[in-house]
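Number of protein chains: 6
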Amino acid sequence: MNILVFSPHFDDESIGCGGAIARHVAEGGYAAVVFMTRGDTGNTTPGQEATPQETEQIRKREADSALKILGVQARDYLDLPDGFLQWTPEAVKRAAAMIRKHRPEVIYAPHAQDVHNDHKATWQIVYDAIPRAAWSAFPELGELWYCPELRGYEIYSPIVTPNLYINISEHIETKSQAILQYHSQAKQIYNDAALGLNRFRGAMGAGVTYAEAYLRQKVEIV
Amino acid sequence: MNILVFSPHFDDESIGCGGAIARHVAEGGYAAVVFMTRGDTGNTTPGQEATPQETEQIRKREADSALKILGVQARDYLDLPDGFLQWTPEAVKRAAAMIRKHRPEVIYAPHAQDVHNDHKATWQIVYDAIPRAAWSAFPELGELWYCPELRGYEIYSPIVTPNLYINISEHIETKSQAILQYHSQAKQIYNDAALGLNRFRGAMGAGVTYAEAYLRQKVEIV
Amino acid sequence: MNILVFSPHFDDESIGCGGAIARHVAEGGYAAVVFMTRGDTGNTTPGQEATPQETEQIRKREADSALKILGVQARDYLDLPDGFLQWTPEAVKRAAAMIRKHRPEVIYAPHAQDVHNDHKATWQIVYDAIPRAAWSAFPELGELWYCPELRGYEIYSPIVTPNLYINISEHIETKSQAILQYHSQAKQIYNDAALGLNRFRGAMGAGVTYAEAYLRQKVEIV
Amino acid sequence: MNILVFSPHFDDESIGCGGAIARHVAEGGYAAVVFMTRGDTGNTTPGQEATPQETEQIRKREADSALKILGVQARDYLDLPDGFLQWTPEAVKRAAAMIRKHRPEVIYAPHAQDVHNDHKATWQIVYDAIPRAAWSAFPELGELWYCPELRGYEIYSPIVTPNLYINISEHIETKSQAILQYHSQAKQIYNDAALGLNRFRGAMGAGVTYAEAYLRQKVEIV
Amino acid sequence: MNILVFSPHFDDESIGCGGAIARHVAEGGYAAVVFMTRGDTGNTTPGQEATPQETEQIRKREADSALKILGVQARDYLDLPDGFLQWTPEAVKRAAAMIRKHRPEVIYAPHAQDVHNDHKATWQIVYDAIPRAAWSAFPELGELWYCPELRGYEIYSPIVTPNLYINISEHIETKSQAILQYHSQAKQIYNDAALGLNRFRGAMGAGVTYAEAYLRQKVEIV
Amino acid sequence: MNILVFSPHFDDESIGCGGAIARHVAEGGYAAVVFMTRGDTGNTTPGQEATPQETEQIRKREADSALKILGVQARDYLDLPDGFLQWTPEAVKRAAAMIRKHRPEVIYAPHAQDVHNDHKATWQIVYDAIPRAAWSAFPELGELWYCPELRGYEIYSPIVTPNLYINISEHIETKSQAILQYHSQAKQIYNDAALGLNRFRGAMGAGVTYAEAYLRQKVEIV
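Residue numbers (the numbering used here), protein chains in the order written: chain A, 411 to 632; chain B, 411 to 632; chain C, 411 to 632; chain D, 411 to 632; chain E, 411 to 632; chain F, 411 to 632.
Excised from the complex, chain A in its bound form (with noise of 0.2 Å):
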């Protein structure tokens, strides 16, 4: 099975999501991450400041590394503005172009109640290319796919009654170093927030060690 995580920064998808794709991949599946911005305002260690052009660079380079430790097998970049994402038709028709490029079925996007500005748009970007992909017109964005289902991932706000939780108890390391690849983030924050929130969600919600909650939107026909 094929998951496509659209991930609005690097290391949004190892914070947000990083556990189901390290189990997704680790049971045999495919999973392709699209990065939504540049990272070129991506805060920079005091003393050490970079370009944009360098933030960039050095935030790409982590992400590999990060990526490569989830196990995931591909990875685009829509290079939008960091800070700035917005939705555009452009920006749907980028995104629909992935969901037909990478065929997944299940897409990972930020939850749709989460306050930050590009999380939000990551999400209804992704919310409006899923049924534009499956349309038959734009033959220059690939050959149409449906994705039958979209599952809204916890990075800053938390989901107030999430609908699935994904126990990643046996990937908890993997998730961890992942996050911890992102050297010029505030890594070591970002993966005690992740972890802390993995263990509520775990223990309040699931009953098991860690566990991922997602708001998960799925039509199904029967």
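Source of the hints: derived by calculation from the structure; they are not laboratory data.
The reader is advised that the hints may include incorrect statements.
Identical chains blur together in the list; that is why a pair holds if it fits in one copy or across any two.
Claimed, not checked - Quick list of in silico lysine-lysine cross-link-like pairs, DSSO-like style, CA-CA up to 30 Å:
1) 470 - 530
2) 628 - 530
3) 597 - 628
Model the placement of chains B, C, D, E and F on the given structure of chain A, informed by the hints.
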């Protein structure tokens, strides 16, 4: 300064705001806890079933231990039906009487979006009791008192956008010990969940090691 | 597989999910219906006024006919006040007892956004009864049972974004016949309304001839 | 009386408010339709693929036939991007110019809760165009006009609580014929869906055979 | 034309819709007021404390004066608990009986978003009483009556987007005099508040000197 | 202490928070105002039509007079399109640059629920600019600055439940004089509306003569 915590069940006060209580007391403050329900339907250890009356007694003894660890100076019991807490005029009046008795400057209750019925009902009862405690009516409920601030705490459902973080890093051990007094409950699970969530809130929201997150409601006139 | 339908009034079960019931039974399943209210305030045929007691008896006989057509194997009556259904601890406990008795894997109730008071109240009572049926308390309510899935069905107010469609094309005649057993009610109107809505749902949402639309609530742990 | 219908795509005007248009014209009124998008991405019949330009031409010819059947006296095209309609100052200005041109007393647009991007965007554009058409500015957009009433119509997502029903029982054949002019679209499916929903609205909401349901927005000063 | 005003407390009718009442009566209409609560917990003048029974009697006399000034022809008292009004089947039935008795074409009640418990409860009770007054059941509640329009009025919490403004410029003195009859209450404060808000609504919303703003709920079938 | 007011149009700053500005300055503070739009579409006096350029110049002169009366020490113009303000990366960056330039401890903007497009857009732009002004990126926008508090003010749509009232009783004349400088606008109407609303807020919410009501957003870490 006085604080008053309304706790739906025996253990919610420790899970939700045990750190804030411990810190408040350590800083010289007065803390009281009002337990809304009788606790007679709490899960019992399989194979060691207790009658509702025994369960109630066991949980009240556990609460005694937990509150002692937190340093709580006073407690009261409303003994309302566990699992079926309901807004009634009588419940609101009794909560108002508690406010008049303990004269708090800050009240703690489960936040308004928690999906558990008893948690939501506690919030609604307390929300309506606060103005009624300050009305020049109901002399049978005690001397008038106006509490200007209500803080919603997290138990089961996280707050999407907290507006108050309390740094409990120095009191995390005390909080944990309090939770662990609830032997009849799933104490280890709740302890892990609470510490995980507090770690997330500390790292992601407050820039400290452990924090409790709150939704504060306070109307100010300047 | 067992399903359990909570119906606010005699006929809501047929209008809202008569197709799903008929299909479920046709596929070999077990279906039970619990009627929440007594039905004593149902509109009576002008010129043929009946006492509330007579109305109740008439409607229960009509329900017998309808359930027989749908193939329902069991029914129960909570006999709560028609037109004034209210969340009470007692109502929740009685609904929980029904869940423990019928041991369903899927529960049907009117969806949460329906504007009719009795429909909304049914949903809230059932929503709270589900976890309580699984608590290790209330031995007087029967043996513990956990039902993992709740499906909200449409009667008066449509669902804005359904997440489940059930193809009832093969069972539309059965559903219609069941609705038409309610001679004391505006049976022809409800039949036309239900078939019209199911036609809309089939064509626009499910790509089939007739479908019922649902708002499914299910928390999964994988 | 003049009415003006804003239709996201060729056929939404017939599906959503074809009955109201036909009745309005039959009663001697003037009706104009503004098509928001170019229609170039409409699904084409498999095996008979057309270029976007051909699709656009085909759909405009189909619209001509449909509007003729409904009796619409005027039409305009904004030719905005199909599938990617977006609120922009330019789109709002062009919609305002249409209002000034056609001087309607009632405007129809897809209702605000429709989940389709183009439907929602149409509503938001029209909602903002109405006051701007009445501002004493933008002389290049034509003579000032204030339209006091906006009616949201149903296409894909039903309205939960409509506040206006229009009895279209006498015009259902005309509406159906109009929908069926859209040969390049899934005309039979949309026809069945629309008539099913109108049957539901007629029976359950309006006490007539067929009705269209609307969410009316009108501010009155008396 | 008959109007019926449901007022949570003695004075809400004058503060919230005193202008509309006065204008309606001045134009030859019939107006009745139903007071929901007993008024026994109203603030009393410090130093002049009264028993609840005395308070109730004082407020009813003040209401007599106010209603006389407004020209109200009939009043009724439900005498429900002041400060703790609650939706109950009995309260809804009694409100329905009032509707059947006074046969209004328009009903006024506090709007649905008011945060005061008694105001919200009044709205919910009235909202559910309206259809029940029209059901062919409950003969003990009087002759069937259907009231097609409910207008939510402003007391404490303003309406965000009113859809009806009533010009009360000619009746502002009458309204003010009515409010000022409530000597036992904070009459000067409420008078200033009401006139201030009506000035805002007149200037900003209605283009007149004084207006009351409403949230109208009316379902029309044409 | 510095405050910074973002005003969608010339006069919103005086109508919405003129009292708070005047009081702040009177108490020795620094106040700056940023005007979002060019004001070129403001209503002009009939018979005295001006070109957009003239209108813009007239309104900027009026704003000079108003700000002088309020005591504002600095002003800036973003000159974005009047009536069509839109969230764009560029608008957010320019607002962030203003925050970095004026270094406020409190920012004022129209509250989030205002229904006017330009008011809502101002709030969203400012809401996103605040964190970006504090990011260690965008050196071209000036020196980093973090403003911890955002206060939403009332212009057209009232706030349902304010959480901050500012007593402006001593400054109501100053506020009124500021509003009245806007000769090209409906100055008398806006003056009456603002003073009426402030009277309502003073009497009903704050227990003073005149008050402005706000929706404060502030995250605190203690």
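Handout entry: Earlier hints that do not hold, by number
Key = Nothing - there is no hint that the structure violates, so all of them hold.
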